[in-house]
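*Asks:* So the chains spell out like this:
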Amino acid sequence: MERVSDTPRFAASLVVRQWLAPGILELRLTRPADIGFIPGQFLRFAMDGYERDYTMVSTPDAETIDFCVAMVDGGRFSGDILKADIGAPFQLTGPHGHFVFQGSSNPAVFVATGTGVAPFVAFCRSGMAAGLLLHGVGTPDRLIYRDIFESALREYVPCISRPFENMDNLENVFSGRVTNYLEQQLAPGTYDFYLCGRGAMIRDVTALIDEQFCDSRLFIESFD
Amino acid sequence: MKIYTGTGDRGKTSLFSGERVSKSSPRLQAYGDLDELNSVIGAVVAAMDEGQPSLKDEILAIQALLLESGAWLATTPGAASTRFLKPFTNAPAEMLEIAIDRMNAFLPELKHFILPGGHLSASLAHMARTVCRRTERHVIELVEHENMDSGPTETLKHILVFLNRLSDYLFVLARYCNHIQGQGEIPWKG
Numbered sequence: 000m001e002r003v004s005d006t007p008r009f010a011a012s013l014v015v016r017q018w019l020a021p022g023i024l025e026l027r028l029t030r031p032a033d034i035g036f037i038p039g040q041f042l043r044f045a046m047d048g049y050e051r052d053y054t055m056v057s058t059p060d061a062e063t064i065d066f067c068v069a070m071v072d073g074g075r076f077s078g079d080i081l082k083a084d085i086g087a088p089f090q091l092t093g094p095h096g097h098f099v100f101q102g103s104s105n106p107a108v109f110v111a112t113g114t115g116v117a118p119f120v121a122f123c124r125s126g127m128a129a130g131l132l133l134h135g136v137g138t139p140d141r142l143i144y145r146d147i148f149e150s151a152l153r154e155y156v157p158c159i160s161r162p163f164e165n166m167d168n169l170e171n172v173f174s175g176r177v178t179n180y181l182e183q184q185l186a187p188g189t190y191d192f193y194l195c196g197r198g199a200m201i202r203d204v205t206a207l208i209d210e211q212f213c214d215s216r217l218f219i220e221s222f223d
Numbered sequence: 000m001k002i003y004t005g006t007g008d009r010g011k012t013s014l015f016s017g018e019r020v021s022k023s024s025p026r027l028q029a030y031g032d033l034d035e036l037n038s039v040i041g042a043v044v045a046a047m048d049e050g051q052p053s054l055k056d057e058i059l060a061i062q063a064l065l066l067e068s069g070a071w072l073a074t075t076p077g078a079a080s081t082r083f084l085k086p087f088t089n090a091p092a093e094m095l096e097i098a099i100d101r102m103n104a105f106l107p108e109l110k111h112f113i114l115p116g117g118h119l120s121a122s123l124a125h126m127a128r129t130v131c132r133r134t135e136r137h138v139i140e141l142v143e144h145e146n147m148d149s150g151p152t153e154t155l156k157h158i159l160v161f162l163n164r165l166s167d168y169l170f171v172l173a174r175y176c177n178h179i180q181g182q183g184e185i186p187w188k189g
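Note that the protein sequences, when read in sequence, are chains E and U.
Going letter by letter, the first sequence gives residues 0 to 223 in numbering that gives the first Met the number 0.
Going letter by letter, the second sequence gives residues 0 to 189 in numbering that gives the first Met the number 0.
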């Protein structure tokens, strides 16, 4: 949270809308000239009567500001974004948030579920990603931004929670939840953990960190 | 945003700089006291009668400064997270000194000890003063516990001066609240 006065407003318009995976859209908006942010921060969409927060997956110097958005059945933003024409204007405030790469002598472990990978995409694209990423999804078709992670990260482990056939010959894939991986596979040590996802995952992983990796640091961005 | 996260159910919490620490640690004691102080100061404002808009604004500004102090106390010195924190200088303490002198000019010279009390707003200001003193003690304890070799950081030094001056401000504020309410002070009779 932050002071109310720290919220500059920007106008941007929709340039590209494309499907990254079933139910996950990538939005690209024109980049306001005077916007500045640190990879991992988010912008707030000020819609008609409601607001939504999304982390940029693009870098601060990119030509557009990009977001990945999970579509929600009956969701207001999902409906509005699907109806928006290319060129549609959006009002944004920000940047908000403190979920940024800290730099440390501790190895970094990034843990995300679903579209919680967004800040880690920005980390990777900004060259800050000398770490391990665990990306938890239900099915392999939800593994967005794989190419970026495979090329930029020290180690990338998709964690698939439902039974699946490895049609895509995924390497280094783990069958189970991110919590299972941390419990069973991560070597004892002191890490900088970065968690981004739903509250339940964050609660479970935090409990595990307190138990097994107790001198580690922990940085959290929760969806809910 | 959900209020409850469940990440603090086992007695630990995260500092702004990422470390997981016990909720009984000196750092938590210190910024927990700051939180309590800020709450009591909020009660002072709530108990003040209408008609003191500039004084209320001044106290709200002090509450904002307490939040900024709390953010510094929740961050390990030198951590990268400090980039998000507003610099804390000596200006707040100087602002308090000016405010103390301004209120004091309306008050009779103090020639005896007084009992904390009087109008509700004054009583709460006295309570805030005592919480402020405790906060200051706990910040000093934090500095000693963390064994900061070269003493507190510049920021912590400024926060300590601010807290020290704030307890003086709250004492004078308590007297001033009684004064503007026409409430006499209660002398200590031995």
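You may find that some hints are simply not true.
Once the Cα atoms are required to be at most 20 Å apart in a straight line, the calculated EDC-like pairs of lysine to aspartate or glutamate come out as [stated by the list, open to error]:
#1 156/U x 108/U
#2 22/U x 209/E
#3 85/U x 167/U
#4 55/U x 167/U
#5 85/U x 57/U
#6 55/U x 67/U
#7 22/U x 214/E
#8 85/U x 143/U
#9 1/U x 223/E
#10 82/E x 52/E
#11 22/U x 167/U
#12 22/U x 52/E
#13 156/U x 143/U
#14 22/U x 145/U
#15 1/U x 203/E
#16 110/U x 93/U
#17 1/U x 52/E
#18 110/U x 167/U
#19 55/U x 8/U
#20 156/U x 67/U
#21 1/U x 214/E
I should point out that these hints are in silico values taken from the structure, not numbers from a laboratory.
All values reported here derive from a predicted model rather than from experimental measurement.
*Asks:* Evaluate each hint against the coordinates.
*Replies:* Going through the hints against the structure:
Of the pairs offered as hints, the one joining residue 156/U and residue 108/U is violated, with about 31 Å between alpha carbons and a cut-off of 20 Å exceeded. For the suggested pair residue 22/U and residue 209/E, the alpha carbons sit about 13 Å apart, so the restraint of at most 20 Å is met. As the CA atoms of residue 85/U and residue 167/U are separated by approximately 24 Å, the hinted pair breaks the 20 Å bound. For the hint pairing residue 55/U with residue 167/U, the CA-to-CA distance comes to about 17 Å; that is within 20 Å, so the pair holds.
In summary, the hint linking residue 85/U to residue 57/U is supported, as the alpha carbons are separated by about 19 Å, within the 20 Å threshold. This hinted pair checks out: residue 55/U and residue 67/U have alpha carbons roughly 19 Å apart, not beyond 20 Å. Simply put, residue 22/U and residue 214/E have alpha-carbon atoms about 15 Å apart, close enough for the 20 Å limit, and the pair holds. A C-alpha spacing of about 24 Å is found between residue 85/U and residue 143/U, which places the hinted pair above 20 Å, so the restraint is violated.
Between the alpha carbons of residue 1/U and residue 223/E the distance comes to roughly 6 Å, so the proposed pair stays at or under 20 Å and holds. A C-alpha spacing of about 19 Å is found between residue 82/E and residue 52/E, which places the hinted pair at or below 20 Å, so the restraint holds. Using a Cα cut-off of 20 Å, the hinted pair residue 22/U and residue 167/U is violated, with the two alpha carbons roughly 29 Å apart. The suggested pairing of residue 22/U with residue 52/E is violated, with an alpha-carbon distance near 30 Å, which exceeds 20 Å.
Using a Cα cut-off of 20 Å, the hinted pair residue 156/U and residue 143/U holds, with the two alpha carbons roughly 13 Å apart. Distance hint between residue 22/U and residue 145/U is fulfilled; the C-alpha atoms sit about 15 Å from each other, no more than 20 Å. Distance restraint check for residue 1/U and residue 203/E: the Cα-Cα separation of roughly 16 Å lies within the 20 Å cut-off, and the hinted pair is therefore satisfied. Restraint check: the Cα-Cα separation between residue 110/U and residue 93/U comes to about 26 Å, which exceeds 20 Å; the hinted pair is violated.
With a C-alpha separation of about 14 Å, the suggested pair residue 1/U and residue 52/E falls inside the 20 Å cut-off, and the hint holds. Restraint check for residue 110/U and residue 167/U: satisfied, since their Cα atoms lie roughly 17 Å apart, inside the 20 Å limit. Taking the CA atoms of residue 55/U and residue 8/U, the gap is near 37 Å; set against the 20 Å cutoff, the hint is violated. As the CA atoms of residue 156/U and residue 67/U are separated by approximately 14 Å, the hinted pair is consistent with the 20 Å bound.
At most 20 Å may separate the alpha-carbon atoms for a hinted pair to count; residue 1/U and residue 214/E exceed this at roughly 27 Å.
Consistency note: the structure conflicts with the earlier hints numbered 1, 3, 8, 11, 12, 16, 19, 21.
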